[in-house]
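There are 2 protein chains.
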Amino acid sequence: MSDESTAKNVDPRYKRVAIIGLGLIGGSLGHAIKRGKLADHIAGYAHSEATRKRAMEIGFVDSVHPTAAEAARDADLVVLCVPVGALGQVAAEIEKSLKPGATVTDVGSVKNAVVRDVGPFIPDGVHFIPGHPIAGTEQSGPDAGFAELFDDRWCILTPIPGADRAAVAKLGAFWEACGSRVDFMEPKHHDLVLAITSHLPHLIAYNIVGTADDMETVTRSEVIKYSAGGFRDFTRLAASDPTMWRDVCLNNKDAILEMLGRFSEDLSALQRSIRWGDGDGLFELFTRTRAIRRSIIDAGQDNPAPNFGRNPTHAEPDKSDQ
Amino acid sequence: MSDESTAKNVDPRYKRVAIIGLGLIGGSLGHAIKRGKLADHIAGYAHSEATRKRAMEIGFVDSVHPTAAEAARDADLVVLCVPVGALGQVAAEIEKSLKPGATVTDVGSVKNAVVRDVGPFIPDGVHFIPGHPIAGTEQSGPDAGFAELFDDRWCILTPIPGADRAAVAKLGAFWEACGSRVDFMEPKHHDLVLAITSHLPHLIAYNIVGTADDMETVTRSEVIKYSAGGFRDFTRLAASDPTMWRDVCLNNKDAILEMLGRFSEDLSALQRSIRWGDGDGLFELFTRTRAIRRSIIDAGQDNPAPNFGRNPTHAEPDKSDQ
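Those sequence lines, one after another, are chains A and B.
FYI, my numbering numbers position 233 of the first sequence as 233, with every residue one higher than the one before it.
Position in the second sequence counted from 1, then plus 322, gives you my numbering.
Treat the hints loosely; a few may be bogus.
Claimed, not checked - FRET-style restraints, in silico, Cβ to Cβ:
no.	chain 1	residue 1	chain 2	residue 2	range
1	A	E216	B	A488	30 to 40 Å
2	B	L579	A	S295	49 to 59 Å
3	A	S48	B	A613	38 to 48 Å
What the hints assert, rightly or not - Examples of chain A residues lying across from chain B (beta carbon under 7 Å, computed):
no.	residue
4	F121
5	T137
6	G141
7	F184
8	L192
9	L260
10	F263
11	W276
12	G277
13	F283
14	T287
Read the hints as simulated data drawn from the structure, not as lab findings.
Note that CB positions come from ideal geometry on N, CA and C, so glycine has one too.
Please work from the sequences and hints to get the whole structure.
Right, dumping it as structure tokens:
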């Protein structure tokens with residue numbers, strides 16, 4: 001964490017906010033802004049006309065526009081909520097309509113590549129502050145969004161050297177008003193942290209679901225019927241948006257390959273313990289991993305109820321949980 | 323599925339049931355039997371005196387006994403609910419007190435090894451019918467049990483050749499009365515199916531949590547804070563009972579090594595796609611895995627709400643879910 005920090009008395013509101021991309025995150029952001037009365041007007045853009053229409057029906061934007069440039073015009077805050085692979089093109093499209101003094105941010109799951117792709121299109125006098133709210137569900141599209149998505153989740157901002165401190169503080173206050181806790185990080189460190197806490201878990205989930213899907217000795221129907229033995233937990237992450245995750249893989253290659261390498265190394269050691277019947281080694285691993293879940297629950301980052309609270313009779317709804 | 327099937331008009335009740343092992347599964351079974359009024363008396367045994375005392379306080383057994391042999395005496399149904407590695411010893415202990423015509427079953431996550439370890443201790447005239455309810459949570463001990471654990475979950479019975487059909491039908495009817503759906507399988511096939519649907523997922527979860535715990539460039543506190551990016555989903559399985567999972571690994575070695583081999587092969591291919599920037603290959607994998615979650619939800623084996631229903635404002639409690 002760097003020395004930036006959000007001041008308690010900074011006004012979190014922007015007069016006009018543009019949300020570019022109206023899916024799960026863009027939609028949730030619109031809802032959160034409305035809930036907190038954080039903007040006078042929310043302008044929205046989505047590539048698909050159906051999505052724009054649906055966003056207006058749901059009402060998490062006040063206007064929609066057929067181009068990103070029109071949505072961004074005169075905005076005090078522009079939030080790019082499209083997949084990472086589309087950010088460069090969108091930045092090029094809005095470059096000319098950004099107003100001096102405006103802040104541009106994004107919600108991408110990688111940050112180094114965003115600095116590289118978006119940075120060159122930001123005019124002098126416009127503040128570019130990359131960001132990443134660590135929140136989401138496995139669902140996509142404008143109907144998937146909800147105001148509480150960011151509550152008690154962390155939002156990481158990765159301001160580049162020389163960033164305007166007042167603009168950074170205001171964006172931090174804005175995310176806090178959306179329900180988030182805010183942290184600051186170097187883009188490179190962000191990409192390493194997220195590679196282990198988010199990218200590797202998604203890849204492992206996609207991989208195991210793929211492996212199960214390819215079995216010739218166990219039918220797909222058996223995999224589905226008996227999935228409550230553990231497999232079903234992985235299918236949630238493996239149902240996440242394919243475009244988003246393709247782009248993450250292509251844009252955080254080095255950190256992801258590093259984490260995959262470590263994971264595979266550890267898996268080989270585990271495989272060896274099983275082959276040679278090393279019960280003590282297995283017991284030691286299976287014991288120390290228990291403590292981490294306890295810490296995550298204590299930190300308010302997961303539901304303490306068994307099975308994530310899936311069983312209604314045993315769920316203890318916890319407002320800190322999403 | 324074999325040709326056995328549970329008859330609709332079989333009486334699911336046993337006069338006296340003995341539950342050997344009073345943890346999550348033994349406790350839940352006691353609660354389910356009480357809920358369904360499926361026994362006149364439930365006798366319980368646990369190795370630890372504190373557990374026996376607690377089980378009586380909670381009330382999911384009617385009596386507790388200091389030895390497994392005493393608990394099993396005169397029982398019409400004996401259910402072994404201890405870790406798989408302890409089954410052989412427990413079977414040896416109860417051998418002499420099993421009454422002719424009684425049924426002995428278990429709840430172990432592997433079945434071939436159970437037939438091997440328990441089978442030799444079953445006297446003539448006693449029915450041994452191995453079983454496995456595919457249900458559980460990450461919690462352990464007598465306080466973790468609840469009556470609804472088996473509701474709408476599958477219970478697999480793996481009767482050995484020549485098993486008494488009436489005894490098998492009665493045990494099937496008993497599990498159905500406990501809330502389960504019942505299936506029949508060869509022990510060897512059971513072990514293969516569970517290796518992919520349960521054992522591999524647990525091992526992968528333990529492994530990734532171990533990998534994250536060993537990082538020197540990302541702190542444990544960062545892993546915990548940002549775990550909502552996906553990592554937290556794995557920590558639930560990785561918090562499961564270490565003794566149980568050590569025993570599963572030691573007793574289903576061949577099937578588990580086969581699945582680990584397939585998983586690693588697929589992971590290497592995925593790693594290669596990332597290294598060479600094969601966006602189309604990644605997109606294809608990330609798309610086809612989506613369908614499986616939909617099938618699991620349609621089969622009533624998971625909660626349709628986003629994030630497993632963690633968000634109370636978006637949870638749609640589903641009574642078929644645990």
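Consistency of the hints with the structure:
1. Here the CB-CB span from A/E216 to B/A488 is close to 36 Å, well matched to the stated 30 to 40 Å.
2. Range check, B/L579 to A/S295: Cβ separation about 32 Å, and the 49 to 59 Å hint is violated.
3. Checking the proposed 38 to 48 Å range against A/S48 and B/A613 shows it is violated: the Cβ atoms sit about 22 Å from each other.
4. At its closest, the beta carbon of A/F121 sits 22 Å from a beta carbon of chain B; the interface hint therefore is violated under the 7 Å criterion.
5. Satisfaction of the interface hint for A/T137 is found here, the shortest Cβ-Cβ separation to chain B being roughly 4 Å, below the 7 Å cut-off.
6. Among the interface hints, the one on A/G141 is violated; its C-beta lies about 12 Å from the nearest C-beta in chain B, farther than the 7 Å criterion.
7. For A/F184, the interface hint is violated, the least distance from its beta-carbon to any beta-carbon of chain B being 13 Å, above 7 Å.
8. Of the supplied interface hints, the one on A/L192 holds, with its beta-carbon coming within about 6 Å of a beta-carbon of chain B, less than 7 Å.
9. Using the Cβ-Cβ criterion of 7 Å, the hint placing A/L260 at the interface with chain B is satisfied: the shortest such distance is roughly 5 Å.
10. Below 7 Å, beta-carbon pairs count as interface contacts, and A/F263 has one with chain B at about 5 Å; its hint therefore holds.
11. Hint on A/W276 is violated. Least Cβ distance to chain B is approximately 10 Å, over the 7 Å limit.
12. Nearest Cβ of chain B to the Cβ of A/G277: about 6 Å, under the 7 Å cut. The hint holds.
13. This hint holds: A/F283 has a C-beta 5 Å from the nearest C-beta of chain B, less than the 7 Å allowed.
14. The beta carbon of A/T287 is positioned within 7 Å of a beta carbon in chain B (closest approach about 5 Å), and the interface hint is therefore held.
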